[in-house]
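Chemist: Read off the chains here:
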Amino acid sequence: MSDSNANMPTPTQEAERIAAELAALGEPELEVGELEALEGRDSAQAESEDAAFVAMLHRFSEPVAEAVELDELAQQRAWAKVQAAGKAKRGGSSRGSGAWIAGVILLAAAAVALLVIVPAQSSVDGQADADAAVALRTQAHAGLEALGVETGPGADAARVRNLLSREGGQGG
Amino acid sequence: MNAGGVWAGLRAGLRRAQGWTLGALALCFVAGCDPVKAPGPDARVELYAVDRDALSSSADAASSSWLEAVANAHERADAAVGRGDTAAALVELEGALARSAPTDDAVAPLVQIVRLDLAARFGELQPSTPDGASETIARLRPMLNPERALPLDSASARALVVMGDAASLVDDHALAAGSYARAVKVMSKLRAAEAERVLGEEAAR
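Protein chains in written order, with this note's numbering: chain B, 1 to 172; chain D, 173 to 377.
It cannot be assumed that every hint is accurate.
[Said to hold, decoys possible] Computed beta-carbon distance windows for the label pairs:
no. : chain 1 : residue 1 : chain 2 : residue 2 : range
1   : D       : Ala259    : B       : Gly148    : 25 to 33 angstroms
2   : D       : Asp343    : B       : Val116    : 17 to 25 angstroms
3   : B       : Ala135    : D       : Ala226    : 30 to 38 angstroms
4   : B       : Gly148    : D       : Pro318    : 25 to 33 angstroms
5   : B       : Thr138    : D       : Thr258    : 24 to 32 angstroms
6   : D       : Arg183    : B       : Lys81     : 27 to 35 angstroms
7   : B       : Ala158    : D       : Pro314    : 41 to 49 angstroms
8   : B       : Ser97     : D       : Asp303    : 51 to 59 angstroms
9   : D       : Ser236    : B       : Gln121    : 36 to 44 angstroms
10  : D       : Leu269    : B       : Gly148    : 21 to 29 angstroms
11  : B       : Ile105    : D       : Thr258    : 53 to 61 angstroms
12  : B       : Gly148    : D       : Ala226    : 19 to 27 angstroms
13  : D       : Arg363    : B       : Val116    : 43 to 51 angstroms
Treat the hints as calculated values from the structure; they're not laboratory data.
The beta carbon of each residue, even a glycine, is placed where N, CA and C say it ideally should be.
So that you can see chain B by itself, here it is in the shape it has in the complex (with noise of 0.2 angstroms):
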C-alpha cells in the first residue's frame, strides 16, 4: 500500500486514465467541464473513486465468457420472446385478412344483387306496365265514347246547369 501511495498518480493522470478507460469501453469521452471536476476532487473523494475505479477494473478482470453466456442467455430469451410474439402477430393477421376477404365478398355480393339483379327486375316490371298500359288506353277511350261522355265545347257548362235545373243525367 505505501509503495502504491508513493506511486500514486496525480487527479490530472487519474482523470485522464479514466478518460481513456471510458473511451475504450465505447463509453462517451468526459466532457470539459467533468474532467475538470474530476480533477478538482479532495482525497477523500478521491480515495472512494478510486475503491469505485478498482472494484470496476474487477469486474472487467472477470472471465469474459460468464458475462456473454449470461448475456448470451438473456438474449436468447430476449429473441424467444421476439419469435414468439412474431408469430403471434403473423397468425392474427392471417385471420384478419381473412375475415377482409369475407367481408368484401359479401359486400360484392350485396352490391351485386343491388345494382344488377334489383334493376333488372325493376326493368321487367316496367315492361310489363307499359304492355299494361297500351292495351287498356284502347279499351278504357272505347268504353268513355261508349258512355256517351260529351266533352266539346260547352259540354260540362251544361251539365252543371242541369243540375242547377234539378234535370241532371248522367253521360251529359
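For this one, chain B is given, so just place chain D on it according to the hints.
Modeler: Just chain D now, kept in the frame of chain B:
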C-alpha cells in the same frame, strides 16, 4: 400469410358477417319487391252509388251559388278556347277548382262529381307535354286516390282516363295502367247499373 390462417379467418369472417348477409338480402328483397304494394298496377277502386237528380234537388243556396260559379267558369273557358287562348281557359278552370266548395254532407257527392269534371277538363286542355301532364297528375291524383271512394258516375271514369293519358305522357306506366283499369271497372259497373235500371223499368211496365 399462410393458407391455414386465411381459411380460418374466412370461416370466422363468414360467421361474424352472417347478420350482415341477412340484412343485405333483406334489403335486396325490400328494394326488389315491396311486400306492401301488390304486384302490377294499382287497380283498386271503391265506388258508391249516386243519383244526380236526387243530389241536385237537395242543393241549398250555398251549393247553388257554387254551382253557378262553376258553370260560369266553364263558359268563360269555352270562350277562351274558341279564341284559341288555352292558357286563359286553364286559368278559369284553375280558379273554379280553387274556389271553396260547399261542405254540407248532403251535397258532398255532388261537389265531388262537379270537381272531378272540372279537373278532368283541366287535364284535357293541358298541353301534351311532360309539364302539362305533371300538372294534370298533380290535380287529379289526390282526387282519385285509391283509398278514397269515388261516385259511380261518368265523371269518375272520365277523370281516370285523363289521368291515365297524362301518366302515359310521363312514362309512368304503372299509374297509367292502374288508372285505365280503374276507369274500365267504373264503366263496367255503370253499364251494369244502367242495364239493371232498364230491366227494372221494363219489369215495372
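Chemist: Given a hint of 25 to 33 angstroms, does the C-beta separation of Ala259 of chain D and Gly148 of chain B actually sit inside it?
Modeler: 30 angstroms, holds
Chemist: With respect to the beta-carbon atoms only, verify the hint that Ile105 of chain B and Thr258 of chain D lie 53 to 61 angstroms apart.
Modeler: The hint (53 to 61 angstroms, Cβ to Cβ) holds, given that Ile105 of chain B and Thr258 of chain D are roughly 60 angstroms apart.
Chemist: That 21 to 29 angstroms hint for Leu269 of chain D and Gly148 of chain B (C-beta), does it hold up?
Modeler: 25 angstroms Cβ-Cβ, so the 21 to 29 angstroms window holds.
Chemist: Is 41 to 49 angstroms a correct range for the gap between the Cβ atoms of Ala158 of chain B and Pro314 of chain D?
Modeler: 27 angstroms, violated
Chemist: State, for the Cβ atoms of Arg363 of chain D and Val116 of chain B, whether the hinted interval 43 to 51 angstroms holds or is violated.
Modeler: Holds, at about 46 angstroms.
Chemist: Can you tell me whether the CB distance of Ser97 of chain B to Asp303 of chain D sits inside 51 to 59 angstroms?
Modeler: 56 angstroms, holds
Chemist: Taking 17 to 25 angstroms as the stated bounds, is the beta-carbon spacing between Asp343 of chain D and Val116 of chain B within them?
Modeler: 22 angstroms, holds
Chemist: For Gly148 of chain B and Pro318 of chain D, compare the CB-CB distance with the range 25 to 33 angstroms and indicate the outcome.
Modeler: 26 angstroms, holds
Chemist: Just tell me: holds or violated, for the beta carbon distance of Thr138 of chain B and Thr258 of chain D against 24 to 32 angstroms?
Modeler: Since the Cβ atoms of Thr138 of chain B and Thr258 of chain D sit about 26 angstroms apart, the hinted range of 24 to 32 angstroms holds.
Chemist: Just tell me: holds or violated, for the beta carbon distance of Arg183 of chain D and Lys81 of chain B against 27 to 35 angstroms?
Modeler: Check passed, 30 angstroms falls within 27 to 35 angstroms.
Chemist: Could you say whether the range 30 to 38 angstroms given as a hint is met by the Cβ separation of Ala135 of chain B and Ala226 of chain D?
Modeler: This hint holds: roughly 37 angstroms between Cβ atoms.
Chemist: Quick check: does the Cβ-Cβ distance between Ser236 of chain D and Gln121 of chain B fall within 36 to 44 angstroms?
Modeler: Between Ser236 of chain D and Gln121 of chain B, where Cβ atoms are some 54 angstroms apart, the hint is violated.
The structure fails hints 7 and 9 (numbered hints given earlier, in ascending order).
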